Amino acid sequence: MTSISLFEILVKIIGAIVIAFLGIVIGLFYKGIDRKLAARMQARVGPPIRQPFLDFFKLMIKENIVPENAVPWIFNGAPIMTLVSSITILLYLPVGNIPPILSGYGDIVLIIYLLTLPAIGMVVGGFASGSPYANIGAQREMVMMMSYELPLVTAVIALGWKLSQVYPQLNVFSLVAINANPIWGLVGPLGFIGAILLFITLAAVTPGELSKIPFDAPEAETELAGGILVEYSGRNLALFGLTDAVKTIVMTSLTVALFFPYGISHLLAFNGAFALIVDTLFFLVKIFLVMFFEVTFIRVAVARLKIDQVSFAYWIPVSIIGLLGLMLIVLDTIIV
Amino acid sequence: MKLNKYFERSLWVFHLNTGSCNGCDIEIVAGLTPRYDLERFGIKLVGSPKHADVLLVTGPVTGRMTDRVKRIYEQTPNPKAVIAVGTCGTSGGVFYNSYNLAGSIDKVIPVDVYVLGCPVRPEAIINGVLQAWIKLEKLRESMNAAPAK
Numbered sequence: 001m002t003s004i005s006l007f008e009i010l011v012k013i014i015g016a017i018v019i020a021f022l023g024i025v026i027g028l029f030y031k032g033i034d035r036k037l038a039a040r041m042q043a044r045v046g047p048p049i050r051q052p053f054l055d056f057f058k059l060m061i062k063e064n065i066v067p068e069n070a071v072p073w074i075f076n077g078a079p080i081m082t083l084v085s086s087i088t089i090l091l092y093l094p095v096g097n098i099p100p101i102l103s104g105y106g107d108i109v110l111i112i113y114l115l116t117l118p119a120i121g122m123v124v125g126g127f128a129s130g131s132p133y134a135n136i137g138a139q140r141e142m143v144m145m146m147s148y149e150l151p152l153v154t155a156v157i158a159l160g161w162k163l164s165q166v167y168p169q170l171n172v173f174s175l176v177a178i179n180a181n182p183i184w185g186l187v188g189p190l191g192f193i194g195a196i197l198l199f200i201t202l203a204a205v206t207p208g209e210l211s212k213i214p215f216d217a218p219e220a221e222t223e224l225a226g227g228i229l230v231e232y233s234g235r236n237l238a239l240f241g242l243t244d245a246v247k248t249i250v251m252t253s254l255t256v257a258l259f260f261p262y263g264i265s266h267l268l269a270f271n272g273a274f275a276l277i278v279d280t281l282f283f284l285v286k287i288f289l290v291m292f293f294e295v296t297f298i299r300v301a302v303a304r305l306k307i308d309q310v311s312f313a314y315w316i317p318v319s320i321i322g323l324l325g326l327m328l329i330v331l332d333t334i335i336v
Numbered sequence: 337m338k339l340n341k342y343f344e345r346s347l348w349v350f351h352l353n354t355g356s357c358n359g360c361d362i363e364i365v366a367g368l369t370p371r372y373d374l375e376r377f378g379i380k381l382v383g384s385p386k387h388a389d390v391l392l393v394t395g396p397v398t399g400r401m402t403d404r405v406k407r408i409y410e411q412t413p414n415p416k417a418v419i420a421v422g423t424c425g426t427s428g429g430v431f432y433n434s435y436n437l438a439g440s441i442d443k444v445i446p447v448d449v450y451v452l453g454c455p456v457r458p459e460a461i462i463n464g465v466l467q468a469w470i471k472l473e474k475l476r477e478s479m480n481a482a483p484a485k
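For the record, the sequence lines run as chains L and Y. Residue numbers in the first sequence follow the working numbering, run continuously in steps of one, and reach 336 at the last position. Residue numbers in the second sequence follow the working numbering, run continuously in steps of one, and reach 485 at the last position.
Check before you lean on any hint, since a few could be wrong.
25 Å max Cα-Cα, derived DSS-like pairs, lysine-lysine [claimed, not checked]:
#: 1; chain 1: Y; residue 1: K443; chain 2: Y; residue 2: K474
#: 2; chain 1: Y; residue 1: K380; chain 2: Y; residue 2: K406
#: 3; chain 1: Y; residue 1: K380; chain 2: L; residue 2: K306
#: 4; chain 1: Y; residue 1: K406; chain 2: L; residue 2: K36
Think of the hints as simulated: they come from the structure by calculation, not from any bench. No experiment lies behind these values; they were computed from the predicted model shown.
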């Protein structure tokens, strides 16, 4: 990493733009599928799959109201900050067999730090909008952030530690290394159970990170009238919609990268560019399945938790499951 | 000129009760149930007037609500439409000329579409929401047709 040529920089910039565009488009598309499937599960017809695009274009031409007692530059800056930070995470995540664009410039620990940025952006925006509803929403978001960090970090650290025991010479926290060595192949029976527990932990953190039911207390449509987003309208609300879409892709990609980094091209004996395309499509199928089970299914099946219940759920049961998984993986390594 | 082709497929509705007996409000909520499913037209009930395109106002405006209705109308970002839902909102209904009423909704804020009924049918509400947009588009067309100032 001492010096990189101008060409590499150019490739990275173009790649970043392409990834950002694709992340937004696929995110909105998946949001449409999510809404359609949720509607079908509730025995409704549901909106067309392009509904999130329609909502976005509509919001873009709506009037943008800045409340009187808001702080305008923070109020208008928060949506941009959340969108940019969530797109930045996308640049660190591998897509199928394609390594991340910023591979080598940051590892999964950086991703964990970056994951707090969209949430912080929303908190800042909520406080800056000067509405009591947004204020309560922002406080809840902060409480939730503090609650789900421990289980999230537990899951990631456990995987990295296991990898460091098997391959001491690897840079174990880089996503390329994690992607190349799936956890399921490295562990014995005990560790396998541990890995399942860690996966459950990450699956429980995902809806919280995305502010989806049952962990949508900060946005709570019915009690806080949109919570953090209550004062946002027009363009700013549209940007928050994009952030939500991109964050869905980020969290599902993270789950896939940590637990299911398998490709199918070598099974089908494809190679070259064709294999890349097949693996990318397979990756899209994988993140769809993860989204379906971690977001859509859960949000239809259960009701919203109160914020104290959310905090309890993350600190006690989910953390215990995560630590149990960590211990099982450690035991597995020590015994074998 | 069409206002925006995305609007008619993505209308977000804010429901405002200005003193209704709750009959019309129940019918609006019925529109969200699987039987009527407002969401298939892209209509979504939102919790904040800042997110809304359409204001669904139910009930006659009581004296105390007058200022609030005006403020909520002003908080709704342009372009917007207002729908008076139910007989009370349209004329005052059985509360006509009551001592504590400011009157029907159109005495307080401009109304685009009136949906009648006591209570209204959910189908009528869905139709009214879609009609409101057509009306607003026509208004915009006539404004564009007029010579520029």
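The hints, checked one at a time:
Restraint check: the Cα-Cα separation between K443(Y) and K474(Y) comes to about 23 Å, which is no more than 25 Å; the hinted pair holds. About 23 Å separates the Cα atoms of K380(Y) and K406(Y), which keeps this hinted pair within 25 Å; it holds. For the hint linking K380(Y) to K306(L), the alpha-carbon distance of about 24 Å falls within 25 Å, and the restraint holds. Between the alpha carbons of K406(Y) and K36(L) the distance comes to roughly 36 Å, so the proposed pair goes past 25 Å and is violated.
The structure fails to meet hint 4 from the earlier list, while all remaining hints are met.
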